[in-house]
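Student: Each chain, written out:
Protein chains: 2
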Amino acid sequence: MEKIGFIGLGIMGRPMALHLLKAGYTISVLEKNKASQELVAAGAQSFATPAAIAQNSDVVITMLPDSPEVVTIVSGQDGLLEGIRQGALFIDMSTIAPATSKNIYEWMQQKGAEALDAPVSGGQSGAEAATLSIMAGGTEQAFQRALPLFQAMGKNIVHIGEPGAGQMTKACNQMIVGMTIQAVAEAFTLAQKAGVDLAKMREVLLGGFAQSKILDLHGKRIIERNFSPGFKIKLHRKDMNIALQAGREFSVPLYGTAQVAAHMDALLAQGKGELDHSAIALLIEQLSNQQ
Amino acid sequence: MEKIGFIGLGIMGRPMALHLLKAGYTISVLEKNKASQELVAAGAQSFATPAAIAQNSDVVITMLPDSPEVVTIVSGQDGLLEGIRQGALFIDMSTIAPATSKNIYEWMQQKGAEALDAPVSGGQSGAEAATLSIMAGGTEQAFQRALPLFQAMGKNIVHIGEPGAGQMTKACNQMIVGMTIQAVAEAFTLAQKAGVDLAKMREVLLGGFAQSKILDLHGKRIIERNFSPGFKIKLHRKDMNIALQAGREFSVPLYGTAQVAAHMDALLAQGKGELDHSAIALLIEQLSNQQ
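Residue numbers (this note's numbering), protein chains in the order written: chain X, 4 to 294; chain L, 4 to 294.
The set of hints was computed from the structure by calculation and includes no laboratory data. Where a beta carbon is used, it is the ideal one built from N, C-alpha and C, also for glycine. One thing to keep in mind: the hints can contain errors.
Claimed, not checked - In silico DSS-like cross-links for lysine-lysine, where the CA-CA straight-line distance does not exceed 27 Å:
{"id": "1", "chain 1": "X", "residue 1": "Lys203", "chain 2": "L", "residue 2": "Lys241"}
{"id": "2", "chain 1": "L", "residue 1": "Lys223", "chain 2": "X", "residue 2": "Lys216"}
{"id": "3", "chain 1": "L", "residue 1": "Lys216", "chain 2": "X", "residue 2": "Lys216"}
{"id": "4", "chain 1": "X", "residue 1": "Lys196", "chain 2": "L", "residue 2": "Lys105"}
{"id": "5", "chain 1": "L", "residue 1": "Lys203", "chain 2": "X", "residue 2": "Lys105"}
{"id": "6", "chain 1": "X", "residue 1": "Lys203", "chain 2": "L", "residue 2": "Lys105"}
{"id": "7", "chain 1": "L", "residue 1": "Lys105", "chain 2": "X", "residue 2": "Lys216"}
{"id": "8", "chain 1": "X", "residue 1": "Lys235", "chain 2": "L", "residue 2": "Lys216"}
{"id": "9", "chain 1": "L", "residue 1": "Lys203", "chain 2": "X", "residue 2": "Lys158"}
{"id": "10", "chain 1": "X", "residue 1": "Lys241", "chain 2": "L", "residue 2": "Lys203"}
{"id": "11", "chain 1": "L", "residue 1": "Lys196", "chain 2": "X", "residue 2": "Lys105"}
{"id": "12", "chain 1": "X", "residue 1": "Lys158", "chain 2": "L", "residue 2": "Lys223"}
{"id": "13", "chain 1": "X", "residue 1": "Lys223", "chain 2": "L", "residue 2": "Lys216"}
{"id": "14", "chain 1": "X", "residue 1": "Lys223", "chain 2": "L", "residue 2": "Lys158"}
{"id": "15", "chain 1": "L", "residue 1": "Lys216", "chain 2": "X", "residue 2": "Lys158"}
{"id": "16", "chain 1": "X", "residue 1": "Lys275", "chain 2": "X", "residue 2": "Lys237"}
{"id": "17", "chain 1": "X", "residue 1": "Lys196", "chain 2": "L", "residue 2": "Lys241"}
Said to hold, decoys possible - One side only, chain L facing chain X, incomplete, derived with CB under 10 Å:
{"id": "18", "residue": "Val74"}
{"id": "19", "residue": "Ala132"}
{"id": "20", "residue": "Ala133"}
{"id": "21", "residue": "Met138"}
{"id": "22", "residue": "Ala168"}
{"id": "23", "residue": "Met171"}
{"id": "24", "residue": "Asn176"}
{"id": "25", "residue": "Ala190"}
{"id": "26", "residue": "Ala194"}
{"id": "27", "residue": "Lys203"}
{"id": "28", "residue": "Glu206"}
{"id": "29", "residue": "Phe212"}
{"id": "30", "residue": "Ala246"}
Just chain X, with the same shape it has in the complex:
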């Protein structure tokens, strides 16, 4: 069995690493943080630097907040590139810019290592239940090598295409999720002010063309006024920026994406970036009421 290094033990990474441990893999983590102590108690080894983890791993997985964090862990001082073995496999499961993923793929190639971009969808609950959707970009050989690991963490696992294709697909996922939340938020705010029972409306709309996982889950959140995350607006805004950058790079005018990003900017300006992204409904409500 391949020896795994795992960096990024947050809300998502922690349960993902635990699933790999449970599947029988040897895991190495960074020494410094609290979550690693839990992993070490559960049988993981720990090392002081990413470089040291890379020296002691066949496969290194990262699950970090954004492109700069991934670039630092990969190419910073004592970073993965300083220790990565010839023939090793690097898998970045963070959500970052597709262009950055392509750069990382090139850097790893220069060290004789393979790289996959393999972002996920399904959130904390998907990570905990090992039911994540995983969308991978990279060579077929690298994908097949990673597949047993993915199967320990996820359910709907698709090799999308070449390096960067996983991240591009994730950016598209985040665009659709953001716009669908706004669609539900506009409809629910209008219906509420018009005196329509939102629970009944959600029930009947779930039976027709308006059906979506967002109408189901985020619609319920809006009705219950439950805006604790979930997925934070500030993180979703970061992902919308990745999509808008890609839109500029490939000359696709993203009217809807840009507009939802502006609503998210308004929520960030108001200090509401820590709320769940369903709080777009709060903004529309606020815009609809006398101050």
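Knowing the structure of chain X, use the given hints to seat chain L on it.
Tutor: Quick look at chain L alone, frame taken from chain X:
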């Protein structure tokens, strides 16, 4: 069993009326058009005017394209109001402005008749399979009286609330459907230009938070470049206008709805109003390519 008058035998109304006939109801239709000859051949009676239909019916159902057509049939010369019986029930299953539905309810009340607004979702296939979602506004008594008729035509049947609440819910349905189509269209256009395999992307996104009936059905249409209706852009644009009017009436700024309506306006300007609403993808594609 109540005697039914049915006016509006188009793509939707024809199969709906046939389901009522099959369920054993006596149906009256207008003499003038081709579809009524088919209904008459199947056992329906025919009359020269809406007033005559109303005189000979316990329940009158309309299924028409837009508010003006419904208002003409109801309150025009030889219209339903001239013949409607005391104690009769009028059910409008068209998609029209909620404010118009409320007016019609008042007019019917003045004649001693009940009225329901009961628009549907599910399209031609739903009408043919008798699996329509039906969202009804009006009194509980009127809803209970209509329920056996609804059950002959639909599946997911919900009494939403007071007169107009059915139409308001339908407007919200159309907003969500329109915005979700645009979300999928933006994502697919970007992914296509970035070289991502759309079929694989659709497959993995259907397993996560981006899942929707639109991603499933309209996503498939976009991949197959099948823009024959389905649901025509010009009809969806009409429904978006109902939503935008309601937004103004209830002071809710509908940024997303307005933006999608503008994309539909561009398609109408280009003479593409007869295409399926998934053709929003065609517009985004066109905006993304050199002319």
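Student: Compare the structure with each hint and give your call.
Tutor: Evaluated hints:
{"no.": "1", "hint": "Lys203/X with Lys241/L", "in the structure": "holds (24 Å)"}
{"no.": "2", "hint": "Lys223/L with Lys216/X", "in the structure": "holds (18 Å)"}
{"no.": "3", "hint": "Lys216/L with Lys216/X", "in the structure": "holds (9 Å)"}
{"no.": "4", "hint": "Lys196/X with Lys105/L", "in the structure": "holds (16 Å)"}
{"no.": "5", "hint": "Lys203/L with Lys105/X", "in the structure": "holds (20 Å)"}
{"no.": "6", "hint": "Lys203/X with Lys105/L", "in the structure": "holds (20 Å)"}
{"no.": "7", "hint": "Lys105/L with Lys216/X", "in the structure": "violated (32 Å)"}
{"no.": "8", "hint": "Lys235/X with Lys216/L", "in the structure": "holds (25 Å)"}
{"no.": "9", "hint": "Lys203/L with Lys158/X", "in the structure": "holds (15 Å)"}
{"no.": "10", "hint": "Lys241/X with Lys203/L", "in the structure": "holds (24 Å)"}
{"no.": "11", "hint": "Lys196/L with Lys105/X", "in the structure": "holds (16 Å)"}
{"no.": "12", "hint": "Lys158/X with Lys223/L", "in the structure": "holds (22 Å)"}
{"no.": "13", "hint": "Lys223/X with Lys216/L", "in the structure": "holds (18 Å)"}
{"no.": "14", "hint": "Lys223/X with Lys158/L", "in the structure": "holds (22 Å)"}
{"no.": "15", "hint": "Lys216/L with Lys158/X", "in the structure": "holds (20 Å)"}
{"no.": "16", "hint": "Lys275/X with Lys237/X", "in the structure": "holds (8 Å)"}
{"no.": "17", "hint": "Lys196/X with Lys241/L", "in the structure": "holds (22 Å)"}
{"no.": "18", "hint": "Val74", "in the structure": "violated (21 Å)"}
{"no.": "19", "hint": "Ala132", "in the structure": "violated (13 Å)"}
{"no.": "20", "hint": "Ala133", "in the structure": "violated (13 Å)"}
{"no.": "21", "hint": "Met138", "in the structure": "holds (5 Å)"}
{"no.": "22", "hint": "Ala168", "in the structure": "holds (5 Å)"}
{"no.": "23", "hint": "Met171", "in the structure": "holds (5 Å)"}
{"no.": "24", "hint": "Asn176", "in the structure": "holds (5 Å)"}
{"no.": "25", "hint": "Ala190", "in the structure": "holds (4 Å)"}
{"no.": "26", "hint": "Ala194", "in the structure": "holds (5 Å)"}
{"no.": "27", "hint": "Lys203", "in the structure": "holds (5 Å)"}
{"no.": "28", "hint": "Glu206", "in the structure": "holds (6 Å)"}
{"no.": "29", "hint": "Phe212", "in the structure": "holds (5 Å)"}
{"no.": "30", "hint": "Ala246", "in the structure": "holds (7 Å)"}
The structure does not agree with the numbered hints 7, 18, 19, 20 stated previously, though it agrees with the rest.
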